[in-house]
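Number 55 in the numbering used here belongs to position 55 of the sequence shown; there are no gaps in the numbering.
Accuracy of the hints is not assured; some may be wrong.
Here are the computed lysine-lysine pairs in the DSSO-like style, where the Cα-Cα straight-line distance is at most 30 Å [to be verified]: (1) K93 with K68; (2) K97 with K69; (3) K93 with K113; (4) K68 with K94.
Keep in mind the hints are simulated off the structure, nothing from the lab.
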Amino acid sequence: QVRGATGVTDGNEVAKAQQTAPRGAAPTIFSRILDRSLPADILYEDQQCLVFRDVAPQAPVHFLVIPKKPIPRISQAEEEDQQLLGHLLLVAKKTAKAEGLGDGYRLVINDGKLGAQSVYHLHIHVLGGRQLQWPPG
Numbered sequence: 001q002v003r004g005a006t007g008v009t010d011g012n013e014v015a016k017a018q019q020t021a022p023r024g025a026a027p028t029i030f031s032r033i034l035d036r037s038l039p040a041d042i043l044y045e046d047q048q049c050l051v052f053r054d055v056a057p058q059a060p061v062h063f064l065v066i067p068k069k070p071i072p073r074i075s076q077a078e079e080e081d082q083q084l085l086g087h088l089l090l091v092a093k094k095t096a097k098a099e100g101l102g103d104g105y106r107l108v109i110n111d112g113k114l115g116a117q118s119v120y121h122l123h124i125h126v127l128g129g130r131q132l133q134w135p136p137g
């Protein structure tokens, strides 16, 4: 069995989200990747963000774009985060191009328990490399 970023066996995203709802200020798996105490296949890094491959890919190409600033959920982003949020999208675009996703890709941000967020550090999933289906949920 493959274990995802949360350490929970992959399969039921809703169950993972319910198990990993915020528990306070404990470090997330992403903060451990940022401080290099946990390895990751890093694709890009700058002063504001880090991009790395998902450990349990849901498409042939699946990577995550995370801010270095610890924002738990997109719904908790503030006006002062506007430039950072735009930067994350531009980095997602540039990395998608570098990964050969010129024919298209999907950006996903899960928010909270009902949105199936499994790690409470804002992250953008970038998925591509095949025809994706709609609706996703």
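Now the hints, each set against the structure:
A hinted pair counts as satisfied when its Cα atoms are at most 30 Å apart, and K93 with K68 qualifies at roughly 18 Å. Annotation: proposed proximity of K97 to K69 holds, straight-line Cα distance about 25 Å (limit 30 Å). Restraint check: the Cα-Cα separation between K93 and K113 comes to about 27 Å, which is no more than 30 Å; the hinted pair holds. Taking the CA atoms of K68 and K94, the gap is near 18 Å; set against the 30 Å cutoff, the hint holds.
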